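Novice: As a plain string of letters, each chain reads:
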Amino acid sequence: MYYIMVYDVNVKRVNKMLKLLRKYLNWVQNSVFEGELSDSQLERLKHEIKDIIKSNEDSVIIYAMESKWLARDIIGLEKKEIGTII
Amino acid sequence: MEKPFYIFSNGRIRRKDNTVFFEYGDSNDESQEEKESKPANRRAVPVETIDSIYLFGEVDLNNKVINFLGQNHIPIHFFNYYGYYTGTFYPREYAVSGHILVKQVSHYVDPGLRFAIAQEIIQSSNHNILKNLKYYERRYGDLSGFISHIENKNREMGSSRSIEELMGFEGQIHKRYFEAWNKILKSETFLFDKRTRMPPDNPINALISFGNSMVYATALSEIYKTQLNPAISYLHQPSTKRFSLSLDLAEIFKPLLVDRLIFSMINHNQIRENHFESNLEFCYLNEKGRRTFTEQFDEKLKTTVKHPSLKRNVSYRQLIKLECYKLVKHILGEEEFKGFRMWW
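Protein chains in written order, with the working numbering: chain A, 1 to 86; chain S, 87 to 430.
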């Protein structure tokens, strides 16, 4: 499955979230990541997120989609390339 | 989901925050000073998504990143300036099985058992070669002579008793097969006279050599995920050259992965004369050519087909891994090895 994750966490924990998500997904914008994960990777990631956040202060949203998004329009800057040929 | 990463840019791979960072300059021809004064472009590559790394560019690595990639079971395939396969950083085996190793060796030591596997590999490869020819026979015609000739050779091969004989037939079949290429390729600039290696002397040979080394490295990445030992092979002589089990597997998949790609890329004019660097004695793909080929190759590996017995879609890359599992089952005596034969 392809996932888009967005997070809104206390500034004390943003760095931790950033570093964690970088291990699993591609950074697209501040507090937005996307990429393909297997079921087990997603479960592991969820666990690691739960270890970092405080559930009464922070929020992480995970959007799941069948395959990759149908289209993606970028208005303004394209921040990062996410292909596998570098 | 793990995928292979292909690095053509020049730069440095670093471990940072427990993931992999690739830093690269904007242009290749900047002077050293300019490079150092400019902040490098950085790209965080999620470590969890890396299956293996193919290095084509001029890349620096330190032991920190090698240790890290090793811990994460990520092999790194190195290619030299000319796109030749140099070798692989093959991390510590993590799926070891003494039992399978013993079985794997015993199937090598017994000439009969070894021959059975070798023959199955060659026959699968021949089947896939014929599939290619038949596909183009339907499209362009004019190949039936080659097809019947190879089919005859194939039958004759059934009577061979040794691996040397098998290799002899394989050589004859390939010679015929390569002759057919001139009928398939619709381009005046790309003509195929004979197969030359080390160094390849014309664009077609350069493409075959490069493509084969890509299949070889890919097969090795897949073997790494299984309990098989990559150095013990059946068709190719083990102990000579590299991890020879991946040569065995590559033999089966080359027609599907490399040859088909070459036909379609040339006929669709995706690969052109300016993708090559050539001299009197040699011909190599240049960086642009390698990039173009690799992009298409990667797409090819992602192509899926419906597997008749698994009843789900599997990618071409997964087919290679399935081949390893079939081999494991065979040496454990659970199920006889039937090599991959294109069924579509």
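You may find that some hints are simply not true.
Under 8 Å between C-beta atoms, here's a sample of chain S residues computed to sit facing chain A [unchecked claim]:
| no. | residue |
| --- | --- |
| 1 | R100 |
| 2 | D103 |
| 3 | N104 |
| 4 | P197 |
| 5 | N240 |
| 6 | D384 |
To list a few chain S residues with every Cβ distance to chain A over 12 Å, as calculated [stated by the list, open to error]:
| no. | residue |
| --- | --- |
| 7 | S95 |
| 8 | K102 |
| 9 | F107 |
| 10 | T135 |
| 11 | I152 |
| 12 | A181 |
| 13 | A202 |
| 14 | L271 |
| 15 | D287 |
| 16 | E363 |
| 17 | R377 |
| 18 | V391 |
| 19 | S395 |
| 20 | G419 |
| 21 | M428 |
Since the hints were made in silico from the structure, they are not lab data. Owing to the predicted nature of the structure, the values given are computational and were not obtained by experimental measurement. Glycine included, C-beta positions come from ideal geometry on N, C-alpha and C.
Novice: Does each hint hold? Answer for all of them.
Specialist: Taking the hints in turn, this is what the structure says about them:
no.: 1; hint: R100; in the structure: violated, 13 Å
no.: 2; hint: D103; in the structure: holds, 4 Å
no.: 3; hint: N104; in the structure: holds, 6 Å
no.: 4; hint: P197; in the structure: violated, 42 Å
no.: 5; hint: N240; in the structure: violated, 38 Å
no.: 6; hint: D384; in the structure: holds, 7 Å
no.: 7; hint: S95; in the structure: violated, 6 Å
no.: 8; hint: K102; in the structure: violated, 9 Å
no.: 9; hint: F107; in the structure: violated, 9 Å
no.: 10; hint: T135; in the structure: violated, 6 Å
no.: 11; hint: I152; in the structure: holds, 18 Å
no.: 12; hint: A181; in the structure: holds, 17 Å
no.: 13; hint: A202; in the structure: holds, 36 Å
no.: 14; hint: L271; in the structure: holds, 26 Å
no.: 15; hint: D287; in the structure: holds, 28 Å
no.: 16; hint: E363; in the structure: holds, 20 Å
no.: 17; hint: R377; in the structure: violated, 7 Å
no.: 18; hint: V391; in the structure: holds, 17 Å
no.: 19; hint: S395; in the structure: holds, 22 Å
no.: 20; hint: G419; in the structure: holds, 31 Å
no.: 21; hint: M428; in the structure: holds, 25 Å
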